[in-house]
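What follows is each chain in one-letter form.
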Amino acid sequence: MSEHRSDERANGIDDAQHDVVVVGAGIAGSLVAKRLTQAGFSVLVLEAGPATAAAFDDYSNHVQAFYAATSKGPESAWPPAAGVPQPDTADIRTGDGYFVQAGPLPYGSTYTRLQGGSTLHWLGVSLRMLPEDFQLQSSYGVGRDWPLDYWALEPFYGEAEHEIGVAADVVDQTHLGLEFAPGYDYPMHRIPPSYSDRLLAAAVDGMTVNLGEDQLALKVRNYPAARNSMPRGDYRPVGAVDQRRAGQGDGHGLARDLGQRCAGNTACTPICPIQAKYNAGKTLAQADGRTLQVVAQAVASKIQLDPVTGEVRGIEYQRYDDPASARHTVHVARGRVYVLAAHAIENAKLMLASGLGSASGMLGRNLMDHPSIYGWGLASHPVGPYRGPLSTSGIDDLRGGPFRARHAALRVDVGNDGWRAPTGAPDSTVTDAVANRGLFGTALREHLRSTLSRHVRFSLNVEQLPSRSNRVSIDPRYVDLLGNPRPVINYDIDEYTLAGMAAAKRVYQEVFRRAGIKDCTDPEQGVWFPSVAYQGDTLHYHGMGHFAGTHVMGNDPAQSVVDTDQRCWEHRNLFLVGSGSFPTMGTSNPTLTLAALALRTARHLAKELST
Amino acid sequence: MTSRRDLFIDLSVELTGYSRVQLLGTGMSERYLQALDEVLPDGMVDEFLATSAALPTMTIDAILRSETWGPVTRNIMILWYCGRWTALPDSWRAVHGTRPADSNHVISADSYQAGLQWVAAGAHPAGARQQGFGAWTVAPEEAAS
Ligand SMILES: Cc1cc2nc3c(=O)[nH]c(=O)nc-3n(C[C@H](O)[C@H](O)[C@H](O)COP(=O)(O)OP(=O)(O)OC[C@H]3O[C@@H](n4cnc5c(N)ncnc54)[C@H](O)[C@@H]3O)c2cc1C
Ligand code: SF4
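Chains as they are written, first to last, in our numbering: chain A, 1 to 611; chain B, 612 to 756.
Just so you know, not all the hints are guaranteed correct.
Unchecked claim - Once the Cα atoms are required to be at most 25 angstroms apart in a straight line, the calculated DMTMM-like pairs of lysine to aspartate or glutamate come out as:
#1 A:Lys518 to B:Glu752
#2 A:Lys72 to B:Asp621
#3 A:Lys219 to A:Asp205
#4 A:Lys72 to A:Asp91
#5 A:Lys518 to A:Asp91
#6 A:Lys72 to B:Asp713
#7 A:Lys505 to A:Asp537
#8 A:Lys72 to B:Asp721
#9 A:Lys219 to A:Asp234
Quick caveat, the hints were computed from the structure, so don't treat them as lab data.
Keep in mind the model is a prediction, meaning the values are calculated, not measured.
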């Protein structure tokens with residue numbers, strides 16, 4: 001579909017006026033497009049990357065690329081177009097990738113610039129933020145308060161869980177003050193916990209840890225996942241996307257018999273081969289095609305303003321035919337309102353490149369992540385790793401509580417993927433056995449059987465507060481092949497977060513001891529990750545892909561970039577959607593919350609456009 | 612006369628601890644032999660297979676200790692277990708020369724999936740050979756043994 005229509009665009013049909021121009025076909029942009037086309041408005045979506053995830057055959061080529069990739073990092077299945085570079089985990093070490101890492105510490109996260117966006121390779125953890133996360137300043141005297149409270153967002157959380165297709169049971173999730181609308185439950189039953197989750201729960205449930213003066217009891221809990229499971233009621237799980245060009249396929253945007261249930265491929269990141277895991281292409285395929293126009297390979301490069309009204313009057317974009325080349329033509333898209341949904345970094349970058357949004361001094365600032373610690377160990381008995389969704393459970397009890405006045409909250413993600421992420425296992429285990437231990441034959445086989453089957457991995461995700469000096473900016477010295485600025489990132493981790501990271505390390509060590517897991521964590525031997533010194537210790541951290549805060553939402557135009565509708569204070573027909581709007585992020589993975597916000601904005605826009 | 616492939620499989624059985632049937636079942640034996648031909652200088656693969664044909668007189672230990680054959684042999688184990696070739700050490704290349712194919716790389720999408728490491732782990736290759744909804748809730752097969 002997009003290919004077909006984009007041909008018209010390349011022929012210079014430029015001045016069609018749309019109701020809404022959306023920049024970015026990730027989850028935020030796709031939700032807005034779906035809602036507003038269904039409300040009868042015409043929507044043009046400009047997408048920087050190729051649309052190769054939209055037809056199932058092409059998608060399968062990405063699966064093959066992952067199989068054959070030497071490095072199996074999160075981006076391995078998703079190489080970008082030449083003119084649309086993206087950050088890559090491997091570049092964090094070299095420092096010479098798409099991001100200009102201006103320090104003092106490297107920012108450890110990445111995203112994907114293909115149609116479908118970063119949900120192509122996300123893991124799908126879909127936790128709501130805690131009610132107390134919205135009032136961090138008034139509750140604990142740190143961070144900022146949101147201009148919205150949990151209950152203002154609650155109905156949209158429910159809507160987002162149904163749009164995305166989240167599998168969970170409300171009974172597992174009602175703790176730490178989290179409440180759900182009466183009678184509500186998730187669209188699908190929870191993903192069954194893994195064998196190792198059950199062993200861990202048997203050993204750990206009920207143990208306590210101390211965070212400062214707080215003593216907290218731990219429990220291994222199933223987490224909500226954007227991954228198809230057994231449906232509840234009349235909900236129908238949404239399977240793989242299969243949008244073909246005109247004349248091909250059966251005219252439906254979704255495959256009828258693939259991906260309706262997670263089948264345990266253990267590759268959610270970087271790519272779910274059957275699309276049982278949500279990606280934004282599913283939402284876009286459900287938009288009303290009669291009023292939707294998607295132009296892929298179209299990079300928004302500048303926002304044009306009307307000098308009199310200060311309103312946006314067009315978005316310039318660069319359209320390319322050949323993803324391997326920087327050759328392109330420049331066009332302008334016009335609408336009544338404009339929605340930037342290009343990702344937290346790209347939204348801010350596009351504003352900065354257009355010379356907009358400077359009044360509050362907040363644009364690009366308050367960049368956050370969840371700097372995270374790995375702990376890995378050997379269980380005393382086989383636990384069956386390397387099977388199932390990369391994780392199915394976590395320990396959530398340290399996400400909230402009075403200790404947050406002193407240090408950051410944290411969440412424990414319990415892996416089903418062995419030592420893959422921190423060490424590159426199982427390959428690294430084989431290499432170690434062969435090269436360092438000199439094993440071969442049946443001894444080799446037996447060694448691998450007995451070790452690989454006992455691999456345990458925790459990832460401890462630590463909250464980070466907003467800070468003015470953590471920011472994305474631009475610098476004319478650093479541009480990409482199309483001449484667009486590359487993001488310059490200043491990043492540091494403050495004392496509050498560092499203390500949380502140190503606590504996280506203590507917590508996993510205590511849990512390992514309790515569960516009889518031998519701690520084998522040795523960052524020197526594992527995959528390289530950046531590190532930071534803290535109180536005589538070295539903390540190695542990895543990013544979670546959880547960017548937030550670059551166009552912060554608030555009630556005061558002097559302190560924020562957008563209002564509670566994600567409308568830009570300075571340009572009233574311009575909206576910036578995504579986790580860039582978050583004042584704080586707590587410990588929940590951001591996508592469900594940004595989806596809820598996008599749906600709230602879409603509802604507002606549907607009302608406004610019809611008056 | 613024993614074919615090149617048979618020699619290669621016989622040696623690989625000793626190296627990997629998996630049976631002839633299991634190795635042939637991966638479907639990768641010809642491809643791995645070809646990979647060796649691409650990486651090692653002309654004639655060297657046959658020389659290597661001839662050396663290993665002297666098993667068990669010539670022990671695997673001795674082969675692994677050999678400066679010439681040790682690195683190649685270790686790479687063959689990694690090939691079977693991981694489906695990937697590892698660049699030979701510089702010291703080896705200094706003596707025997709370098710071929711373009713001698714770089715760190717996954718042989719093919721198929722070899723990745725055929726890696727014995729997944730079998731050893733009682734698991735399945737990540738992203739392939741899905742085990743079905745909920746399979747991860749039961750004890751792994753190998754855990755029983
Ligand atoms: C490895 C990894 C794992 C993750 N796991 C989780 C998880 O478990 N749970 C969770 O909640 N979150 C997770 N995330 C984060 C999640 O992926 C993002 O929060 C989410 O995808 C952001 O949605 P978005 O629509 O704002 O941006 P994106 O999904 O990045 O979409 C932005 C879109 O805009 C397009 N675009 C960019 N620039 C331009 C331009 N100039 N012009 C036109 N189009 C443009 C991009 O190509 C893309 O399609 C993970 C991230 C990573 C990297
Ligand atoms: S476990 Fe497999 S099938 Fe399930 S979501 Fe992950 S990759 Fe997809």
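For each hint, the structure was consulted:
Between Lys518 of chain A and Glu752 of chain B, the direct Cα distance comes to roughly 23 angstroms. Compliance with the 25 angstroms bound is thereby established for this hinted pair. About 31 angstroms separates the Cα atoms of Lys72 of chain A and Asp621 of chain B, which puts this hinted pair outside 25 angstroms; it is violated. The straight-line distance between the Cα atoms of Lys219 of chain A and Asp205 of chain A is roughly 4 angstroms, inside the 25 angstroms bound, and the hint therefore holds. Taking the CA atoms of Lys72 of chain A and Asp91 of chain A, the gap is about 14 angstroms. The hint holds against a cut of 25 angstroms.
Straight-line distance between C-alpha atoms of Lys518 of chain A and Asp91 of chain A comes to about 32 angstroms, which puts the hinted pair past the 25 angstroms bound. About 20 angstroms separates the Cα atoms of Lys72 of chain A and Asp713 of chain B, which keeps this hinted pair within 25 angstroms; it holds. For the suggested pair Lys505 of chain A and Asp537 of chain A, the alpha carbons sit about 11 angstroms apart, so the restraint of at most 25 angstroms is met. Restraint check for Lys72 of chain A and Asp721 of chain B: satisfied, since their Cα atoms lie roughly 15 angstroms apart, inside the 25 angstroms limit.
Among the hinted pairs, Lys219 of chain A with Asp234 of chain A is inconsistent with the structure: their alpha-carbon atoms are about 31 angstroms apart, more than 25 angstroms.
When the structure is compared with the earlier hints, violations turn up for hints 2, 5, 9 and for no others.
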